[in-house]
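Visitor: For reference, the chains in residue letters:
There are 4 protein chains.
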Amino acid sequence: MIKVGIVGGTGYTGVELLRLLAVHPQVQLTAITSRKEDGLPVADLYPSLRGHVNLAFSSPDKANLSECDVVFFATPHGVAMAQAPALLAAGVKVIDLAADFRLKDRAAFEQWYKIPHTAPELIDQAVYGLPELNREDIKGASLVANPGCYPTTMQLGYTPLLKAVLIDASSLIADCKSGVSGAGRKAEIGILFSESSDNFKAYGVAGHRHLPETTAQLQRFTEQKVSLIFTPHLVPMIRGMHSTLYARLSKDVSNAELQALFEAEYRDAPFVDVMPFASHPETRSTRGSNMLRLALHRPEVDGAPGNMLIILVVQDNLVKGASGQAVQCMNLMFGLEESLGLKHIALLP
Amino acid sequence: MIKVGIVGGTGYTGVELLRLLAVHPQVQLTAITSRKEDGLPVADLYPSLRGHVNLAFSSPDKANLSECDVVFFATPHGVAMAQAPALLAAGVKVIDLAADFRLKDRAAFEQWYKIPHTAPELIDQAVYGLPELNREDIKGASLVANPGCYPTTMQLGYTPLLKAVLIDASSLIADCKSGVSGAGRKAEIGILFSESSDNFKAYGVAGHRHLPETTAQLQRFTEQKVSLIFTPHLVPMIRGMHSTLYARLSKDVSNAELQALFEAEYRDAPFVDVMPFASHPETRSTRGSNMLRLALHRPEVDGAPGNMLIILVVQDNLVKGASGQAVQCMNLMFGLEESLGLKHIALLP
Amino acid sequence: MIKVGIVGGTGYTGVELLRLLAVHPQVQLTAITSRKEDGLPVADLYPSLRGHVNLAFSSPDKANLSECDVVFFATPHGVAMAQAPALLAAGVKVIDLAADFRLKDRAAFEQWYKIPHTAPELIDQAVYGLPELNREDIKGASLVANPGCYPTTMQLGYTPLLKAVLIDASSLIADCKSGVSGAGRKAEIGILFSESSDNFKAYGVAGHRHLPETTAQLQRFTEQKVSLIFTPHLVPMIRGMHSTLYARLSKDVSNAELQALFEAEYRDAPFVDVMPFASHPETRSTRGSNMLRLALHRPEVDGAPGNMLIILVVQDNLVKGASGQAVQCMNLMFGLEESLGLKHIALLP
Amino acid sequence: MIKVGIVGGTGYTGVELLRLLAVHPQVQLTAITSRKEDGLPVADLYPSLRGHVNLAFSSPDKANLSECDVVFFATPHGVAMAQAPALLAAGVKVIDLAADFRLKDRAAFEQWYKIPHTAPELIDQAVYGLPELNREDIKGASLVANPGCYPTTMQLGYTPLLKAVLIDASSLIADCKSGVSGAGRKAEIGILFSESSDNFKAYGVAGHRHLPETTAQLQRFTEQKVSLIFTPHLVPMIRGMHSTLYARLSKDVSNAELQALFEAEYRDAPFVDVMPFASHPETRSTRGSNMLRLALHRPEVDGAPGNMLIILVVQDNLVKGASGQAVQCMNLMFGLEESLGLKHIALLP
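Order-wise, the sequence lines are chains P, Y, R and C. For the first sequence, the numbering used here gives the first residue as 9, with consecutive numbering after it. For the second sequence, the numbering used here gives the first residue as 9, with consecutive numbering after it. For the third sequence, the numbering used here gives the first residue as 9, with consecutive numbering after it. For the fourth sequence, the numbering used here gives the first residue as 9, with consecutive numbering after it.
Please note that a few of the clues may not be correct.
Copies of one chain are not kept apart here, so a pair can be met inside one copy or by any two copies together.
As the list claims (entries may be wrong) - Below, in silico cross-link-like pairs of lysine-lysine (DSSO-like), each with a Cα-Cα straight-line distance of 30 Å or less:
(1) K101 - K259
(2) K112 - K122
(3) K122 - K194
(4) K194 - K11
(5) K351 - K11
(6) K11 - K101
(7) K11 - K44
(8) K147 - K112
Rather than coming from a laboratory, the hints here were simulated on the basis of the structure.
Go ahead and model the full structure; you've got the sequences and the hints to work with.
Guide: What follows is the structure, given as structure tokens:
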């Protein structure tokens, strides 16, 4: 059994880790920290866990995280970089669900996140935890930077096309929509029910932190300079993310070839479902599951396939977009089957 | 034109007052205070008011409230009692949307609201602002205590029966459901979208502040001691309140007589709609309007009308349950037509 | 492995059975019938099942249901009674999620459901499938009548009190609230998003089919004549049911004794969670899980515990209120652990 | 007073016309037809209209529409073309909220709407009812084709840029999102609450009927051939439409110049609100009002304004996107103030 610690178990990615790990056959939940809720049984905060999780939150200083095999950081940015060095030194593997180690460019990190990076020596060592594109590196990693939710959808949608040199990397447009849980469990006016229900809006159009992360990762797969317009929107639903990705084809290619390209790319990926051409994936088909589904569309122009390709991508932002993906990485890091403990079927309706 | 001031214009009852008063034909909006948002144009906080309200928030000390004809307090409990004495002394009428003057029993107020009452000399003078039961007193009032949202539904549902001595006042059960806006515009975890959407729960079952208010008002209409069980619930909708009121009949009375009783009681009330017997009123039929709708049901027992009467009552908690009722009171206080500026049709769908 | 057939797999209880059974360790999904969708892969209708269920719907005549060990009827009323006799004769166990065998009183069935009962000889043989109250009978049953969703909450809330002769059975009031999925997957105006979102209403107050079922079952546990007022309401959420049960105490009993009574009653019930006294259970704490949670409240009157007891009960109407309960029965009928394949943790948020 | 008839008053655009016209100071509601609901009081179907609308539905043959001054068609496609010729011949003005007269290209109409056009002689005479771009023509029109909801947002967002020859008309991308009421009041599975709540999806990506309408209208303002990618999505909210419009700038222009262009274009338009540069308009800021709000964004590339312009446009799809716009046209056709009876403030929260 893998002894698991979770730092910051009170937020949504924390409770989602608990939901997944409490029934994972190879995991023993060992410690859950929360400075604020020290001593409170986890199930008192989250009654959904009554009967499943008997741990109480403990303050970080009391929790013996160094006795764990792996520690997940479900914390705001800046926490993992402070605690990871000591844990790694003690032989504990670390998976950070925040952004501390997502950007290889330290200056870019400090510019976008407005905090100094206090463990720059670990940046190179950190492995970007997107298994579909980085599987082998993750297997050998001690420190994994779990991807952002939006970047997961954009990378899995665009990368096959970039690798095959089929699209113009300089004119990508990603129009993305997220459920409200993506904003976290924070007491903020803007995400109150009465503010965000029965409403739709864009936000952060001037610049969202997931842009540099995505651009840098996409750049790995093309020699052309990547230029990406990224427009996030807030949807009045709890969970779910839908990315509508636009790419201009730069080569003559048939719809069947495009479909085959994606199917080949993800043939062995247990959590990417390439739907039939021209499908309309729904976010609810992934609710509570670690599955990401995508489908290709190609609008006709004057009766013939045009040069604009649309990739529709859906996932549960808290599972494949966060905690599920982190567990998927853990499975790889410990030599387990990639999908162990992650075979939940989406809750529909 | 009536010069109107609003203290605390940033909350939901405040912005709802603005929506109603900005198009009221006899009102001139004069001052809107907010300590926190001093200087901010109201329409910057509430874009729905762009083009309709040109005022900016001003801090309470700068606003010349004493030059108004009437000041509405859309504030937390405790603010009106501090400022009302000076305004009243200056000849300004006051309508308090909070609870400062709702309870005639000062000790009860201090017990339920946990603050000392600092203007006890005004308690007797204050008129309870439920026009359907108190119309004449409101016309002559300088200080009006606008009722709570739940109490409005319970009083308008039970009072005709109490006045006609038809029910057992000692076994009333009110199972009430409110939309989330009733909790106000406060940065609290429990009313986040991700916490309260797709969810239903009771709250405050052990004791809600609207209980003593309702009991005291109902007691005015019966010699029997009123005993009321009041169970509030939170519904995942923004606006709307639905009260399911149970009363045990103490006399032999036909359904037609019961229906006639309610129709007679509210014949001249422009904002109470007695629907046909056995209707199922929907909250959305009142969304954005000042109308309260109710309908009677009487389940059969062994094929005959039983002795349990059910009164279903719906309203928009922010309009008839708060700001609309306050404007209705203002109309009466200034000798205007009771429904002036309040004839909005509900938004459906 | 138990070979399982499902008749009527296109509705919500059908797809929910599929979600649960597809990962049940002792089940082999063998046949799913739908006259209308004959030949359509199940996962084409429900993309959430892609990769989990490879069956296609088949028309009832083609499906070899008699080779199954058990057949679930997730159909409208009237279907199970037509097909059950032949299946039972062939040695196949039957679990009906509709009402065909819930009422022992055939005349009452025909009155409330407006269809003649075509298999009256099976009514006596059918076992009412509420494991917490009927566990031993279910173990030996060939034909199980799975309870209605509302009746499950009312029975589990009231029965311990009736058995202990602590309440007045003649004045029960159940104010119940259900998510919209309880109305099924039917093309009806009233359950459109634009009709039922951001709205709340009561329905069927004059008489709901779950009333005679509940009354008859409660009557088993008391000598007093049961009289129950049952008011169902529609909540703008997909899943979830919240019953607010009122009962008048007929004996002097302390809160601690009441709490102990419920804890003792459900000590060995894996799917009933008796929460601490005065808790407010939320429907979301059961979303997607087979757990039913309940909590007791007792409002004070004049500073002392009153004689009204309130029992708050929540469940997921599609799981414990329907398909999960049916699987729980199946486990018992086949000698498996009662909770096998049913240990899903609720999806929160 | 203008005598108004409505054909097809039972759908959402019909009831929205009633909400707006019932309080319009120059309108007398004269006839509302519905073959199916003949004889039913309108307020029985829509309790929100109780006390405001006393008419009953009448079957089309009984209603004396030819005595009206203007008739609105809130019907499915194909109805207006059948009845308009006789009404126009009788001197009655006609406003069609469906698509019968939106496309000047008859062949395109028949291709996209799959029905033959039975009144082709009226196509040329019909005026496209988008007041901001067609005001003078509407004033003199007898037959108005009210625009589609999506096309209204796309035209008001793109046209100022096309007129000023600032963008590449051949690479427009409109990523649009609509509330569920846009699908109408039809008994269809896909728009049930349990199907569309807590969910997000694209639909009709392969081709939506609003595409040819929009392209044709945009083409009027540019010599370049318009090519538009249009991706509609369904948002779990009742009302509201958000269009995220992408356009590639073809000239060197500053943000201030772009902002000034839009402000000048809509200076005299009472229902277009050009918000400050880089605002994030919310759909709820238009809920129930006839206002359309838009804002410009221009993502930076390498620290300088890039060549991609984003126009965010929001409206209430049932008001400015349908019935409100129709009333706005009526006002112009009858020489009234353009905003008469349309000054509703949006319902927020």
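Visitor: For each hint, tell me whether it holds in the structure or not.
Guide: Against the structure, the hints:
For the identical chains of this complex, K101 and K259 are neighbours neither inside a copy (44 Å) nor across copies (53 Å), given an alpha-carbon limit of 30 Å. Taking CA atoms no more than 30 Å apart as the test, K112 paired with K122 passes inside one copy only; the shortest distance there is 16 Å, against 54 Å between copies. Within a single copy, K122 and K194 get their C-alpha atoms as close as 19 Å, and across copies as close as 27 Å, so both meet the 30 Å cut-off. Taking CA atoms no more than 30 Å apart as the test, K194 paired with K11 passes inside one copy only; the shortest distance there is 29 Å, against 40 Å between copies.
Both within a single protomer and between protomers do K351 and K11 lie at most 30 Å apart by alpha-carbon distance, with minima of 21 Å and 22 Å respectively. Proximity of K11 and K101 under a CA criterion of 30 Å is satisfied intra-copy only: 11 Å inside one chain copy versus 44 Å between copies. For a Cα distance limit of 30 Å, the shortest separation of K11 from K44 inside one copy, 23 Å, qualifies, whereas the shortest one across copies, 48 Å, does not. In the homo-oligomer, the alpha carbons of K147 and K112 lie at most 30 Å apart inside one protomer (19 Å), although the nearest pairing across protomers, at 61 Å, exceeds that limit.
Checked against the numbered hints listed earlier, the structure breaks hint 1 alone; every other hint is satisfied.
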